[in-house]
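Chemist: One letter stands for each residue in the lines below.
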Amino acid sequence: MPTIRFEGQDYFCAEDETLLDSLARHGVMLPSSCRAGACLTCMTRALKGTPPKSAQLGVKDTLAAQGYFLACLCKPVEDMEIGLASVSPRYTARLLGKELLNESIVRLRLDIPEGFTYRAGQFVNLIRASDELTRSYSLASIPADSYLELHIKKVPEGRMSTWVFDEIEVGDELSFFGPSGDCFYLPGSSERPLLLAGAGTGLAPLYGILRDALEQGHAGPIHLFHASLATAGLYLIDELRRLADAHEQFHYTPCVLHGDAPDGGMQGNIVDIPGQVLGSLSGYRVFLCGDPPIVNGLRQKSFLAGASMQDIHSDPFVFTPA
Amino acid sequence: MSSVYEQLGGEPAINAAVDIFYRKVLADKYVIRFFEGVDMEKQAGKQKAFLTMVTGGPNSYTGKDMREGHRHLVAMGLDDSHFDHILCHLRSTLAELGVAQNLIDTVISVAESTRDDVLDR
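Chains Y and A supply the protein sequences, listed in that same order.
Numbered per UniProt numbering, the first sequence spans residues 1 to 322.
Numbered per UniProt numbering, the second sequence spans residues 1 to 121.
The shape of chain A in the complex, shown without the other chains:
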């Protein structure tokens, strides 16, 4: 069975998804402090890599990357509540793109599997 990434339409679809997803994140006052002062283009690149990974597209991310990439944020207080907000934005982004519920569930379960790495525990 093809991946959600392929079913969505591959790279161009992920590009569109990144714009929607990142806009939701930037508009969220609860998590915005973790994104202040970062280069928006680099951040969009990371989010594209993240969306590619959780939709099952080509990637080579490891738990170690997720852990090291977020450690400075954990030191700033990043916890489960912030992670939950990001999952919500991911769910609504996919829904906005018309992705079926069962596929959203698949994507969320992949994203969920990174929780302990992201929160460094």
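In isolation and in its complexed conformation, chain Y is listed as follows:
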């Protein structure tokens, strides 16, 4: 009889009993609705132990890869610990480099702390040690890099970004928790086309996902659309052009809402541009990052253009106003 550990308590699961029913029998009522593997309400995460594959039917691949499963379908075959999130240790890393990428975005490069692992495209929660102020920033690096890279946008009067821009220096120790997030590339079906689209520092995770896909030998077309209000807000243009020159399957389109676009770029609304350029998105794996209105708009357009809901991965950034 497998033991299920949840919030520090152990519960025995009877043979042929689902985890959802077993916990309910012990008085632990996980949120649930259809109890048939359709509505995803009872999605739970295995922190230890492996859920049976049959309990991950219909769970998005990037979530399944992190141990998420449906409690209503799960008949445990081994001891498991379940919960909503694993507790991250607090990491400390030395700042190796700090460089402006354009007038309002700075690139930080950090040491990789002992024991820290991540997937390209995930994010960390950076902490200002003096008062524990915390903000989420995506990783733009890939695990093969010898550093962690963050792109931080200057928010007018933003407490964290002002501190990052004005006060921290190379050699300082920075603290963070993580990683988190389910917007990342998984190997397999490397012929399928990828759409990467986002605005502003939404490029950070997309840059990571792009380099990760190339590193893992993705052979199908990869289309990156990076948008800003105007050309001055774009960044890493030269690096991305170099990658496009070096990899024939990779196509880079800088996009601006106002004014002239750079060479090879487009002027217009980023929400509409991928569909205009690519037409049908049937069969695409889609990654969307940036402001929530843009991500939500792109998600709907991508879906209507034929991408399957299971294949649309997104990371809407929430900006904390000053």
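Warning: the hint list may mix true and false statements.
DSS-like mimics (lysine-lysine), calculated; alpha carbons at most 25 Å apart, straight line [said to hold, decoys possible]: (1) 29(A) x 60(Y); (2) 42(A) x 75(Y); (3) 53(Y) x 46(A); (4) 60(Y) x 64(A).
With the C-beta cut set under 7 Å, the calculated list includes, among others, these residues of chain Y facing chain A [said to hold, decoys possible]: (5) 34; (6) 35; (7) 36; (8) 38; (9) 39; (10) 40; (11) 57; (12) 59; (13) 299; (14) 308; (15) 309.
Selected chain Y positions facing chain A (Cβ under 10 Å, derived; list incomplete) [to be verified]: (16) 29; (17) 30; (18) 31; (19) 33; (20) 41; (21) 72; (22) 296; (23) 300; (24) 303; (25) 306; (26) 307; (27) 310.
These are calculated hints, taken from the structure and not from any lab test.
All of these numbers come straight from a predicted model, not from anything done at the bench.
Note that the Cβ used here is the ideal one computed from N, Cα and C, for glycine as well.
We have chain Y already, so just place chain A on it with the hints.
Modeler: Using the frame of chain Y, we list chain A on its own:
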């Protein structure tokens, strides 16, 4: 006799059906206002549960769930005409998947049986 759910091919077939069905719903200007601002993934999950139910797949939905889940929409003006649109999208989704007419009729009659619960009367 096996259910339409099994005849369609079970869970993977319902996944494919949800994409087609939800796309039709989102493209329908007459009903779109009831779907604006909702989380697309959660909504797709609910639609999958709905399609699983009306095709006779494993489910534990009750009339009470349907009633409570739509009450805020009824307050926004959801009525028979909107319900009819959704049934049309369901019919054409099944037809697109090559489901036989008699099976479509079976599914529609199950969906039809939820009408009074959905419209809270």
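Chemist: Next step is simple, just say for each hint if it's right about the structure.
Modeler: Right, here's what the structure says about each hint:
For the hint pairing residue 29(A) with residue 60(Y), the CA-to-CA distance comes to about 29 Å; that exceeds 25 Å, so the pair is violated. Our distance criterion of 25 Å between C-alpha atoms is met by residue 42(A) and residue 75(Y), whose separation comes to about 24 Å. With a C-alpha separation of about 22 Å, the suggested pair residue 53(Y) and residue 46(A) falls inside the 25 Å cut-off, and the hint holds. Under the criterion of a C-alpha separation no larger than 25 Å, the hint pairing residue 60(Y) with residue 64(A) is inconsistent with the structure, at around 29 Å.
Interface restraint check: residue 34(Y) against chain A, minimum CB-CB distance 4 Å, threshold 7 Å, status holds. The restraint placing residue 35(Y) at the interface with chain A holds, with a minimum CB-CB distance near 4 Å, inside the 7 Å limit. The beta carbon of residue 36(Y) comes within 4 Å of a beta carbon in chain A, closer than 7 Å, and the hint placing it at the interface holds. The criterion of a C-beta within 7 Å of any C-beta in chain A is met by residue 38(Y), whose closest approach is roughly 4 Å, and the hint holds.
Below 7 Å, beta-carbon pairs count as interface contacts, and residue 39(Y) has one with chain A at about 4 Å; its hint therefore holds. Hint on residue 40(Y) holds. Least Cβ distance to chain A is approximately 4 Å, under the 7 Å limit. The beta carbon of residue 57(Y) comes within 5 Å of a beta carbon in chain A, closer than 7 Å, and the hint placing it at the interface holds. The beta carbon of residue 59(Y) comes no nearer than 11 Å to any beta carbon in chain A, farther than 7 Å, and the hint placing it at the interface is violated.
Look at residue 299(Y): its Cβ gets to within about 6 Å of chain A, closer than 7 Å, so that hint holds up. Interface hint status for residue 308(Y): upheld, as the beta-carbon distance to the closest one in chain A is roughly 5 Å, under 7 Å. With 7 Å as the threshold, the beta carbon of residue 309(Y) comes within range of chain A, its nearest partner Cβ sitting at about 5 Å, so the hint holds. For residue 29(Y), the suggested interface contact is broken, since its CB lies about 15 Å from the closest CB of chain A, more than 10 Å.
Of the supplied interface hints, the one on residue 30(Y) is violated, with its beta-carbon coming no nearer than about 14 Å to a beta-carbon of chain A, more than 10 Å. Here the hint on residue 31(Y) is broken, as its CB sits about 12 Å from the closest CB of chain A, past 10 Å. The beta carbon of residue 33(Y) is positioned within 10 Å of a beta carbon in chain A (closest approach about 7 Å), and the interface hint is therefore held. With 10 Å as the threshold, the beta carbon of residue 41(Y) comes within range of chain A, its nearest partner Cβ sitting at about 7 Å, so the hint holds.
For residue 72(Y), the interface hint holds, the least distance from its beta-carbon to any beta-carbon of chain A being 9 Å, beneath 10 Å. Taking 10 Å as the C-beta contact cut-off toward chain A, the hint placing residue 296(Y) at the interface holds, the least distance being around 8 Å. Evaluation of the residue 300(Y) hint against chain A yields a held restraint, the C-beta minimum of about 7 Å falling below 10 Å. Given the 10 Å rule on beta carbons, the hint for residue 303(Y) holds: about 7 Å separates it from the nearest Cβ of chain A.
Checking residue 306(Y) against chain A by beta carbon gives a least distance of about 8 Å; that is within 10 Å, so the hint holds. Given hint, residue 307(Y) at the interface with chain A, holds; its Cβ is 9 Å from that chain's nearest Cβ, closer than 10 Å. The interface hint given for residue 310(Y) holds, since its Cβ lies 7 Å from the closest Cβ of chain A, which is under the 10 Å cut-off.
Hints 1, 4, 12, 16, 17 and 18 from the list above are not met by this structure, while the remaining hints are.
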